[in-house]
Amino acid sequence: MCKIENLIYQRLADSADLVKLLAKYNGKPAIFQKRAPDDSDELWESDPYPRMIYEVELKEEMEREFSKRIRLHVICKKGQQTNSLDFKMPILTALDRCFFTKIDVTLGTRWSHTEPAVLESGTSVEETIYTFNGMLFTKQEMIEPDPVAALNSWLKNTFEDAVIISRDPLEDIWKPGNSESAIYCRLESMAPGSYKDTWCNSWITAGIRIHIIAEQYKKLSMIREITQKLAGIKSLTMSDGGPLYIMKVNYNDTLNPLKHRQFFIECQYGVLRQEEEKQPIRNIDIQEG
Numbered sequence: 001m002c003k004i005e006n007l008i009y010q011r012l013a014d015s016a017d018l019v020k021l022l023a024k025y026n027g028k029p030a031i032f033q034k035r036a037p038d039d040s041d042e043l044w045e046s047d048p049y050p051r052m053i054y055e056v057e058l059k060e061e062m063e064r065e066f067s068k069r070i071r072l073h074v075i076c077k078k079g080q081q082t083n084s085l086d087f088k089m090p091i092l093t094a095l096d097r098c099f100f101t102k103i104d105v106t107l108g109t110r111w112s113h114t115e116p117a118v119l120e121s122g123t124s125v126e127e128t129i130y131t132f133n134g135m136l137f138t139k140q141e142m143i144e145p146d147p148v149a150a151l152n153s154w155l156k157n158t159f160e161d162a163v164i165i166s167r168d169p170l171e172d173i174w175k176p177g178n179s180e181s182a183i184y185c186r187l188e189s190m191a192p193g194s195y196k197d198t199w200c201n202s203w204i205t206a207g208i209r210i211h212i213i214a215e216q217y218k219k220l221s222m223i224r225e226i227t228q229k230l231a232g233i234k235s236l237t238m239s240d241g242g243p244l245y246i247m248k249v250n251y252n253d254t255l256n257p258l259k260h261r262q263f264f265i266e267c268q269y270g271v272l273r274q275e276e277e278k279q280p281i282r283n284i285d286i287q288e289g
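Numbering follows my numbering, with no gaps: position 199 of the sequence shown is 199.
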């Protein structure tokens, strides 16, 4: 994931509003991963403060998904004209609801909270920590027929301007505008279907979760439209021409759409049974005695 961490650095360093608040080290803004050089390092240009240190932590959730937590430590010298609160808007503008993509993995970030760091008494600096939650969205392998692909296609036809993560190409760094939105569907579960199998067809029940990342007013409008349209149709069409029956739509709004889905879709579809390989009948030699 080091390449995505490099993209986070690039995003911060490309923010003119952020850079103008920071000290300079070796001709670059004082943004460091994990730790900063000593104050006495000769590559500092004048005052070594304010500075920023960022950390990216990876952890595995109970749902077997990998999430990330990004912490930005803003460190200022007490009494400086620039203080840690001046960084709030530039940091949120740079990182909140931003997507970083490398190869088949996309990291989405969402601001969680801001808090002062606890430092030893008598220290000459003050520190504020900005914490962002992140979620890794991986490109899913296509299967045939694919219920996620069918739902992605329907969502793209319904919301032509929305970016369907893992379906639509993304720039290395992308942040939706106020009127833009992103959608991600992931296969959560598979089980035998409730319909009776036939000699040529087996039924599968699939659970798909949908994440919607958009401004609140836009998100609510999309949620309402998805709910109403899925309630009014019996099925979607899969890539093999077969039906994807919509069995259940559960909606759950959340403050963290990266981690928790707004929708859980239960659907059912059929797959052709694989014809068993038959062993050829061997010649039978019958001898009369």
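None of these hints come from the bench; they were simulated from the model. Don't take every hint at face value.
Lysine to aspartate or glutamate pairs mimicking EDC-like chemistry, simulated, CA-CA at most 20 Å apart [stated by the list, open to error]:
id: 1; residue 1: Lys219; residue 2: Glu160
id: 2; residue 1: Lys139; residue 2: Asp168
id: 3; residue 1: Lys175; residue 2: Glu127
id: 4; residue 1: Lys3; residue 2: Glu160
id: 5; residue 1: Lys139; residue 2: Glu188
id: 6; residue 1: Lys20; residue 2: Asp168
id: 7; residue 1: Lys248; residue 2: Glu225
Label-pair restraints from in silico Cβ distances [what the hints assert, rightly or not]:
id: 8; residue 1: Thr138; residue 2: Gly79; range: 55 to 61 Å
id: 9; residue 1: Leu187; residue 2: Arg69; range: 38 to 44 Å
id: 10; residue 1: Pro169; residue 2: Trp199; range: 41 to 47 Å
Cβ coordinates follow ideal geometry from the N, Cα and C atoms, glycine included.
Quick rundown of the hints versus the structure:
With a CA separation close to 15 Å, the supplied pair Lys219 and Glu160 stays within the 20 Å bound. Note on Lys139 and Asp168: the hinted pairing holds, with a Cα-Cα distance of about 11 Å set against a maximum of 20 Å. Of the pairs offered as hints, the one joining Lys175 and Glu127 is violated, with about 27 Å between alpha carbons and a cut-off of 20 Å exceeded. Using a Cα cut-off of 20 Å, the hinted pair Lys3 and Glu160 is violated, with the two alpha carbons roughly 30 Å apart.
Only pairs whose Cα atoms come within 20 Å are accepted, and Lys139 paired with Glu188 is accepted, the gap being roughly 14 Å. Between Lys20 and Asp168, the direct Cα distance comes to roughly 35 Å. Violation of the 20 Å bound is thereby established for this hinted pair. A threshold of 20 Å between alpha carbons decides the hint, and for Lys248 with Glu225 the separation of about 16 Å falls inside it, so the pair holds. One distance hint, 55 to 61 Å for the beta-carbon pair Thr138 and Gly79, is violated here, with the actual separation near 47 Å.
Checked against the hint of 38 to 44 Å, the pair Leu187 and Arg69 fails, with Cβ atoms roughly 25 Å apart. For Pro169 paired with Trp199, a C-beta distance near 42 Å keeps the hint of 41 to 47 Å intact.
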